[in-house]
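Novice: With these hints in hand, go ahead and build the complete structure from the sequences.
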Amino acid sequence: MSTSLTTSNPPYEVEEVPGVLRMYSNGSIVRSAKSLFDSPVLDDSFILSKEILFDVTNNLYLRLYKPASTPSNTKLPVFYYIPGGGFCIRTRMWSNFHNDCIRLASELQAVVIAPDYRLASEHRLPAAIDDAYTAVKWLKDQAVSENPYAWLNGIADFGRVFISGDSAGANIAHNLAVRICAGSNELAPVIVRGYVLLELFLVGPSLRRRRFWRLSMPVGATKDHTLVNPFGPTSPLMETLELGPILVAVGISDLLKDQVKDYASKLQKWGKNIEFVEYEDKQHGFFTFDPNCEASTHFMQLIKKFVVVNS
1 MSTSLTTSNP PYEVEEVPGV LRMYSNGSIV RSAKSLFDSP VLDDSFILSK EILFDVTNNL
61 YLRLYKPAST PSNTKLPVFY YIPGGGFCIR TRMWSNFHND CIRLASELQA VVIAPDYRLA
121 SEHRLPAAID DAYTAVKWLK DQAVSENPYA WLNGIADFGR VFISGDSAGA NIAHNLAVRI
181 CAGSNELAPV IVRGYVLLEL FLVGPSLRRR RFWRLSMPVG ATKDHTLVNP FGPTSPLMET
241 LELGPILVAV GISDLLKDQV KDYASKLQKW GKNIEFVEYE DKQHGFFTFD PNCEASTHFM
301 QLIKKFVVVN S
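Sequential numbering from 1 applies to the sequence shown in full-length UniProt numbering.
Treat the hints loosely; a few may be bogus.
As the list claims (entries may be wrong) - Derived DSS-like pairs: lysine-lysine, alpha-carbon spacing no greater than 27 Å straight-line:
1) Lys304 / Lys223
2) Lys269 / Lys137
3) Lys257 / Lys305
4) Lys261 / Lys304
5) Lys266 / Lys304
6) Lys223 / Lys269
7) Lys272 / Lys137
8) Lys305 / Lys272
9) Lys305 / Lys75
10) Lys137 / Lys261
11) Lys305 / Lys266
Keep in mind the hints are simulated off the structure, nothing from the lab.
Specialist: So this is what it looks like as structure tokens:
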């Protein structure tokens, strides 16, 4: 009598983003246990924050920030800030992103909403965009509810909502701008007044060199896919869309600066309400990783002006 032994080959590494994550042949992902850019958490005694489950199905949370005190009968704008990380890493829990939200809530005197989204490659695009839309839809649900979330009741101005993000978060914000469009009443009484795109994450000329894109795009998609290339052959005709006001910023030393500048230039050519600013000698991530530099301070002032002008 013979015995047949069945052995299985152990999973092997098929993709790596050094120091960030590894993907294996069985589809499993191992991410770094630590934030890549740990930083001390800012003193937030003047800003309150709270975790809220906004998507029960996917177990997704957002973090809500608001000033600890506001003048009576004063309603604050609502400012969404969507984290980047190549769609594959980074959450609202990272200390540097948390610090960004504290600064934004304080400087803008706004309610800041930082939503998480499902990460690639376990959940490829458009999952992240759909999740961000669900987070905005959550705000609409609060606005029409007879019993809205207590932290928003009486303080959030649902008619003055702004959507922003950095890097991949800016890409998500762009796609929300396309999905929602100016003048749409699908989120009423919520009105999105504008979008802030910091270091917009776009596909460069060589897709093979973009590990994050390979991990996050739909299987079989190319660099011309509509979700990652705003001007691809299958993308909506941007010149015909009614887009809300958009503020775009990038560092001149950012490897994606040419793509971002092209994005802004085309929208300006088509008569869209867009403001574009470049920061000399600044690399990707300067607003988060160098928050006290002159460029970060200037950009914060631009955001404040953008919110006031478009409110």
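Novice: Would you pick out the hints that fail for this structure and give their numbers low to high?
Specialist: As far as the earlier hints go, 1, 2 and 10 are violated by this structure, in ascending order.
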